[in-house]
Amino acid sequence: MDDLERFAQDDQPSLVRPYTLTAGRTDSRVSLPLEAPIEAVVSDTPGRWPGNDVRAQICAMCGNSPSVAEIAARLSLPVGVARVLIGDLVAAGHLRVRTTLTDRSSIDERRELIGRTLRGLRAL
Numbered sequence: 000m001d002d003l004e005r006f007a008q009d010d011q012p013s014l015v016r017p018y019t020l021t022a023g024r025t026d027s028r029v030s031l032p033l034e035a036p037i038e039a040v041v042s043d044t045p046g047r048w049p050g051n052d053v054r055a056q057i058c059a060m061c062g063n064s065p066s067v068a069e070i071a072a073r074l075s076l077p078v079g080v081a082r083v084l085i086g087d088l089v090a091a092g093h094l095r096v097r098t099t100l101t102d103r104s105s106i107d108e109r110r111e112l113i114g115r116t117l118r119g120l121r122a123l
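Take the sequence shown: its letter number 96 is residue 95 in numbering that gives the first Met the number 0, and every next letter is one higher.
The hints are simulated quantities; they were obtained by calculation from the structure and are not laboratory data. Please read all numbers here as calculations on a predicted model, not as lab measurements. You may find that some hints are simply not true.
For each label pair, taking beta carbons as the anchor points, the in silico distance ranges come out as [to be verified]:
1. Asp102 to Gly62: 28 to 34 Å
2. Asp107 to Leu74: 26 to 32 Å
3. Glu108 to Asn63: 16 to 22 Å
C-beta: ideal position from N, C-alpha, C; glycine also.
Please construct the entire structure, taking both the sequences and the accompanying hints into account.
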């Protein structure tokens, strides 16, 4: 049983250090701004993790396209740990990072981001 499975099996607060979930890695393989919406990729070969594994929890919550910050907050993970785990899932093809604002973003796109951010903050 790996550290992620042990982390996810207990209903009690975890004594596993967050860096063990990422094997000590602190950088994600992909660019993940805090506000970036993350969505699940429908696949014929879903991940083979127990339902309470943190990776399975991340994939399950991405049906509503939460931001990186929302995922970290909902799972009580440090943002750096969430970024590494999300990056791994993106690299494995389980998740996709939706684009965030650019210099060419419209006023409507900017308002939508502000609205999503406010909804996320209220949900916390």
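Using the C-beta atoms of Asp102 and Gly62, is the stated range 28 to 34 Å upheld?
-> holds (30 Å)
Could you tell me whether the CB distance from Glu108 to Asn63 stays inside 16 to 22 Å?
-> holds (19 Å)
Taking the beta carbons of Asp107 and Leu74, is their distance inside 26 to 32 Å?
-> With a Cβ separation near 31 Å, Asp107 and Leu74 satisfy 26 to 32 Å, so the hint holds.
When each numbered hint is compared with the structure, no violation occurs for any of them.
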